[in-house]
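Asks: Input sequences plus hints: build the corresponding full structure.
The opening position of the sequence shown corresponds to residue 1 in the working numbering, with each subsequent residue numbered one higher.
No lab work stands behind these hints: they were computed from the structure. Heads up, some of the hints might be wrong.
Keeping only pairs whose Cα atoms sit at most 27 Å apart, straight-line, the calculated BS3-like set for lysine-lysine is [what the hints assert, rightly or not]:
hint, residue 1, residue 2
1, Lys-254, Lys-236
2, Lys-166, Lys-236
3, Lys-166, Lys-254
4, Lys-135, Lys-236
Remember, predicted model here, so these are calculated numbers, not experimental data.
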Amino acid sequence: MTQSYSEGQSDNSYVIDAESGEEMARLIDQDRLVTRTMGGLFSEREDLSTIFDVLDIGCGPGGWVLDVAHTYPEMEVTGIDISESMIQYAQAYAQVRQLPNAHFRVMNALHHLDFPAASFDLVNARTIVGFVSPKTLPPLFAECRRVLRPGGVFRITEPEHGFSNKAAFETFYGLVNRAASLAGRSFSPTGNHLGITPVLDHLLRTAGFRTTGSKAYTLNFSAGTPAHIPIQEDLKIAFRLLQPFLLSMRVAPKEEIEYLYEQAMNEMLEEDFCALWYFLTVWGSTPQEDHFQEG
1 MTQSYSEGQS
11 DNSYVIDAES
21 GEEMARLIDQ
31 DRLVTRTMGG
41 LFSEREDLST
51 IFDVLDIGCG
61 PGGWVLDVAH
71 TYPEMEVTGI
81 DISESMIQYA
91 QAYAQVRQLP
101 NAHFRVMNAL
111 HHLDFPAASF
121 DLVNARTIVG
131 FVSPKTLPPL
141 FAECRRVLRP
151 GGVFRITEPE
161 HGFSNKAAFE
171 TFYGLVNRAA
181 SLAGRSFSPT
191 GNHLGITPVL
201 DHLLRTAGFR
211 TTGSKAYTLN
221 FSAGTPAHIP
231 IQEDLKIAFR
241 LLQPFLLSMR
251 VAPKEEIEYL
261 YEQAMNEMLE
271 EDFCALWYFL
281 TVWGSTPQED
291 HFQEG
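Replies: Spelled out as structure tokens, the structure:
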């Protein structure tokens, strides 16, 4: 989830201040909602009998790792994130909840992963679009393959946002997509959307994964739906925390950004507000004969 938007300024390339307490609370709530939308922790897999060692990339405050560790005590689950405060929270939570099979380490996922080759049966990544780019995603996929055992599984879930029937809401998301494009973060050739979901299968195959598959999910947070209030609260924080990023990319004047923010929040309160998020999970396995030499 997390991993400042200017790669020359900081090792942390997440587009929101990852050390913000508000962002931590937002990610905890959002994580549960995404898991519910996907129908579970491993919704595309019926057989988990060969999954014992699991790695979660960009784990944030550890929501997915903690849920997996609690639900599947036979699994050893490790989460990595560049944010020390996120990892400290996750470690404290695991200790309080007595989850000895949940492990957390501070690590930059865009560098060499500090694990030996063939360490895991499954590597998970979810909503990491906030800190990756078209240049950094292929090396990350290669590292995920390296740390997987032969026959191991890599699964990644990413969103496409900003679809609604309200002008200010879509316009604000349009600024986010434009800023991502200007920052070299967009996978879309036009910058009209994030564009990460169409390229995932191709990138997995290019990285050497086999037997790929995909599964799509829709999160409806229109007025009157169960997700409406939770997403409204989520975006009230996210849209505000994204404003420094928008200003740094000069996609609009400060006054226009603030005006659109207020209008978008008001639109979400209207009775006819309609909006969707889409998520796509793509997975692939390493060849059974896969092997890597360290060093």
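Asks: Against each hint, give a clear statement of whether it holds in the structure.
Replies: We went through each hint and held it up to the structure:
Note on Lys-254 and Lys-236: the hinted pairing holds, with a Cα-Cα distance of about 17 Å set against a maximum of 27 Å. For a cut-off of 27 Å, the pair hint linking Lys-166 to Lys-236 stands: about 16 Å separates their Cα positions. A hinted pair counts as satisfied when its Cα atoms are at most 27 Å apart, and Lys-166 with Lys-254 qualifies at roughly 21 Å. A threshold of 27 Å between alpha carbons decides the hint, and for Lys-135 with Lys-236 the separation of about 30 Å lies outside it, so the pair is violated.
In this structure, only the earlier hint numbered 4 is contradicted, and the remaining ones agree with it.
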